[in-house]
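Trainee: Those sequence lines, one after another, are chains A and B. In terms of this note's numbering, the first sequence opens at residue 1 and continues consecutively. In terms of this note's numbering, the second sequence opens at residue 374 and continues consecutively.
Rather than coming from a laboratory, the hints here were simulated on the basis of the structure. Do not take every clue at face value.
20 angstroms max Cα-Cα, derived EDC-like pairs, lysine to aspartate or glutamate [unchecked claim]:
| hint | chain 1 | residue 1 | chain 2 | residue 2 |
| --- | --- | --- | --- | --- |
| 1 | A | Lys82 | A | Glu62 |
| 2 | A | Lys43 | B | Glu692 |
| 3 | B | Lys490 | B | Glu685 |
| 4 | A | Lys373 | B | Glu692 |
| 5 | A | Lys373 | B | Glu742 |
| 6 | B | Lys746 | A | Glu330 |
| 7 | B | Lys453 | A | Glu73 |
| 8 | A | Lys185 | A | Glu88 |
| 9 | A | Lys373 | B | Glu703 |
| 10 | B | Lys746 | A | Glu312 |
| 11 | B | Lys746 | A | Asp347 |
| 12 | B | Lys416 | A | Glu73 |
| 13 | B | Lys617 | B | Glu707 |
| 14 | B | Lys734 | A | Glu312 |
| 15 | A | Lys373 | B | Asp720 |
| 16 | A | Lys361 | B | Glu685 |
| 17 | B | Lys734 | A | Glu369 |
| 18 | B | Lys746 | A | Glu319 |
| 19 | A | Lys80 | B | Glu446 |
| 20 | A | Lys80 | A | Glu62 |
| 21 | A | Lys310 | A | Glu150 |
| 22 | A | Lys361 | B | Glu742 |
Stretches of chain A that chain B covers, calculated by requiring three or more beta carbons in the stretch to come under 8 angstroms of a beta carbon on chain B [what the hints assert, rightly or not]:
| hint | region |
| --- | --- |
| 23 | 44-51 |
| 24 | 128-142 |
A virtual CB, placed ideally from N, CA and C, is assigned to each residue, including glycine.
In case you want the letters, here they are:
2 protein chains.
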Amino acid sequence: MKTYTRKDFLTKGALAAAGTGFLASCVGGESEANASPAIHTGKTYKWKMVTTWPPGFPAVGEGANLLAQWIEEMSGGRLKIKVYGAGELVPAFQVFDAVGSGAADIGSGASYYWAGKIAAAQFFASVPFGMNAQQVNAWIYSGGGQELWEEIYEPFGLIPMLGGNTGVQMGGWFNREINSLDDFKGLKMRIPGLGGKVLEKVGGTTVAIPGGEIYTSLETGVIDATEWIGPYHDFKMGFSDIAKYYYTPGWHEPGTALEVIVSKKKYDELPADLQAIVRTAAFRLNLWTLSEFEAKNASFLQQLLTDDKKFELRHFSPEVLTGLRATTQEVLNELTASDPLSKRVYDAYATFQQSIGGWAKITEKVYYEGIMK
Amino acid sequence: MKTYTRKDFLTKGALAAAGTGFLASCVGGESEANASPAIHTGKTYKWKMVTTWPPGFPAVGEGANLLAQWIEEMSGGRLKIKVYGAGELVPAFQVFDAVGSGAADIGSGASYYWAGKIAAAQFFASVPFGMNAQQVNAWIYSGGGQELWEEIYEPFGLIPMLGGNTGVQMGGWFNREINSLDDFKGLKMRIPGLGGKVLEKVGGTTVAIPGGEIYTSLETGVIDATEWIGPYHDFKMGFSDIAKYYYTPGWHEPGTALEVIVSKKKYDELPADLQAIVRTAAFRLNLWTLSEFEAKNASFLQQLLTDDKKFELRHFSPEVLTGLRATTQEVLNELTASDPLSKRVYDAYATFQQSIGGWAKITEKVYYEGIMK
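Isolated chain A, as found in the complex (with noise of 0.2 angstroms):
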């Protein structure tokens, strides 16, 4: 697998996007494909897919390549879908424009992408203190939530389907110690979404800064603190070498789902048995990035964690996790109470959350505290 580095974020034109998670931005195209009535014809389909990631990215970049070839496997070469980095074809930014408008025809991102387009989409992505992984799959395959996710995204002419997990982030390379919620004051983190607006309401100040500039800024200060994702990617970030501390845990993104949106148009122009394998094609995806992401953090945690390491490894205490939940309470509240279509997506999340909560503080829970040893 191609490794990529801190100097890819450097160097690449394309990473030059400033805002959230290992983004990146560039130029727009058009579309091949064709319209066909909803019937087995025997006919090729050829689509470009857009995506927010680099290209080839581990995990996530790579989990665009394997939908698209897992789906061409399947439909026996009836359906090729040709992939384009972020800014190879459109800014990952746009992605969510380009598939709507169907200058491309699927896309790979998170749905806090387009908080700004559409402030409920984010709920389907990340809620800082909300579900991780396994509730958040519980919700939308078998709680509800994938019907309301395809309702507020019709009117962009976008089908939204699950399409990988992160699993629980961790809470980010901090230069400066957090032992109370008093030590967020003038803190300057780069921390984007829900967690950056959580930050700022105790006092932080949130830095937007592009990839591939994260790493000067901390070595130079400017910059306390930032997150990232978790040890298989942080690590080739470099961070180990130039913070002081690696807290957990990501609070701010304890499982962030992330999408594949299709062109609505296009996957009604599509017969039964393509459809069939783009949605089928998206399961296997968000199953085999979790696994990706599970299994790569902890043999990356490992090599992190070297006798001659020069960073800490520390645990954010119940008293900030709190103070960092009824923060985060108050955003909630605030967005809710500002946007219907938000209280609406919110509600159905936090009930079902509730729900799913109870199960786990019996099963799970102490699955972690009493069986795992």
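Put chain B on the given structure of chain A with help from the hints.
Mentor: Only chain B this time, still in chain A's reference frame:
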């Protein structure tokens, strides 16, 4: 959805089989599948799927039906699968042999059902104090598990795939309190597999009872306790009316993987597109099944925990779990000392378990303790 009750277990001859879980029995049949070169010819294949589940049984039998449906949809009807419940074509415990011999083409079950034939198989289903669903998936898909599993099933003419997971199960229904390891002494419990071996080592007696006879056996004191699955399935069995205690967690089955087995001969005869369709459908089934268990267990737990409930929800104490873990290790040591293949598979399992456990300790565990409300 058709709901199953205890009555179904009492009245159906198909469910007279003793042994593991919610299993059943019956008679055999012949395959309709035809040989074909591995190129896409438009030819139609008809497969028989034998299962270890009562037909349409919640989550698992339903899942078998969905697998057949998805494969038929994706193949445009070129691969049609007729699903047989346990006993409709072959008895539950003959599924492995039936698919291996080519009498059936594909099967749905769990690998610990074949422990009598190949002891090492059970590590691919559930290990007491072993990995949970998320960890097992990571092992199989991204940690070398799939390759090992295929290798040990190859002599039997079978290709194994993950086809579901129950999630963390409950510890079972008890009419005696378990406050210390000593309380297992003399306990008569229906608990199959490795968990049963552990119970016997701590002084209990395992009793093999068919699904349909458990209720009466527990009510009349023939047994003091029984494990089953979780609230979704347990609710229908009526145990909550006659047992004093509902214990958690299911230390003996912390995340039981279900399997799809395919005849290697029949698989090799398929064109490449249908092979990819079968493999991808199994991923979807795996994820759908776990999501269904999680969502339904959560809502049925609420239905069980009414104000006028007759049982108490109890947690096994840390001391009890520590004792059971040590005894489990003895059972595993004996198994692996006597069977080199079991040793090889368990070594791979345990190595991955240790790696992912280190990661889970600072993420998923912390999620349940500090992030989840």
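Trainee: Taking the hints in turn, state whether each one holds.
Mentor: Hint check:
1. Proposed proximity of Lys82/A and Glu62/A is supported: the alpha carbons are some 13 angstroms apart, at most 20 angstroms.
2. The hinted pair formed by Lys43/A and Glu692/B fails the criterion: a straight-line CA distance of about 64 angstroms is larger than 20 angstroms.
3. For the hint pairing Lys490/B with Glu685/B, the CA-to-CA distance comes to about 39 angstroms; that exceeds 20 angstroms, so the pair is violated.
4. Of the supplied pair hints, the one linking Lys373/A and Glu692/B holds, its CA atoms being roughly 14 angstroms apart against a limit of 20 angstroms.
5. Taking the CA atoms of Lys373/A and Glu742/B, the gap is about 16 angstroms. The hint holds against a cut of 20 angstroms.
6. Between the alpha carbons of Lys746/B and Glu330/A the distance comes to roughly 15 angstroms, so the proposed pair stays at or under 20 angstroms and holds.
7. A C-alpha spacing of about 19 angstroms is found between Lys453/B and Glu73/A, which places the hinted pair at or below 20 angstroms, so the restraint holds.
8. Simply put, Lys185/A and Glu88/A have alpha-carbon atoms about 39 angstroms apart, too far for the 20 angstroms limit, and the pair is violated.
9. For the suggested pair Lys373/A and Glu703/B, the alpha carbons sit about 15 angstroms apart, so the restraint of at most 20 angstroms is met.
10. Only pairs whose Cα atoms come within 20 angstroms are accepted, and Lys746/B paired with Glu312/A is rejected, the gap being roughly 27 angstroms.
11. Restraint check: the Cα-Cα separation between Lys746/B and Asp347/A comes to about 16 angstroms, which is no more than 20 angstroms; the hinted pair holds.
12. Between the alpha carbons of Lys416/B and Glu73/A the distance comes to roughly 17 angstroms, so the proposed pair stays at or under 20 angstroms and holds.
13. Of the pairs offered as hints, the one joining Lys617/B and Glu707/B is violated, with about 34 angstroms between alpha carbons and a cut-off of 20 angstroms exceeded.
14. Taking the CA atoms of Lys734/B and Glu312/A, the gap is about 16 angstroms. The hint holds against a cut of 20 angstroms.
15. Of the supplied pair hints, the one linking Lys373/A and Asp720/B holds, its CA atoms being roughly 16 angstroms apart against a limit of 20 angstroms.
16. The hinted pair formed by Lys361/A and Glu685/B meets the criterion: a straight-line CA distance of about 16 angstroms does not exceed 20 angstroms.
17. A hinted pair counts as satisfied when its Cα atoms are at most 20 angstroms apart, and Lys734/B with Glu369/A qualifies at roughly 9 angstroms.
18. A distance of roughly 14 angstroms separates the Cα atoms of Lys746/B and Glu319/A; the hinted pair therefore holds under the 20 angstroms criterion.
19. At roughly 19 angstroms between alpha-carbon atoms, Lys80/A and Glu446/B fall within 20 angstroms of each other, so this suggested pair holds.
20. A distance of roughly 17 angstroms separates the Cα atoms of Lys80/A and Glu62/A; the hinted pair therefore holds under the 20 angstroms criterion.
21. Simply put, Lys310/A and Glu150/A have alpha-carbon atoms about 46 angstroms apart, too far for the 20 angstroms limit, and the pair is violated.
22. The hinted pair formed by Lys361/A and Glu742/B meets the criterion: a straight-line CA distance of about 9 angstroms does not exceed 20 angstroms.
23. Taking a C-beta to C-beta cut-off of 8 angstroms, the region 44-51 of chain A contributes 0 residues in contact with chain B, too few for the three needed, and the coverage statement is violated.
24. Under the rule that three or more residues need a Cβ within less than 8 angstroms of chain B, the assignment of the region 128-142 of chain A holds, with 11 such residues.
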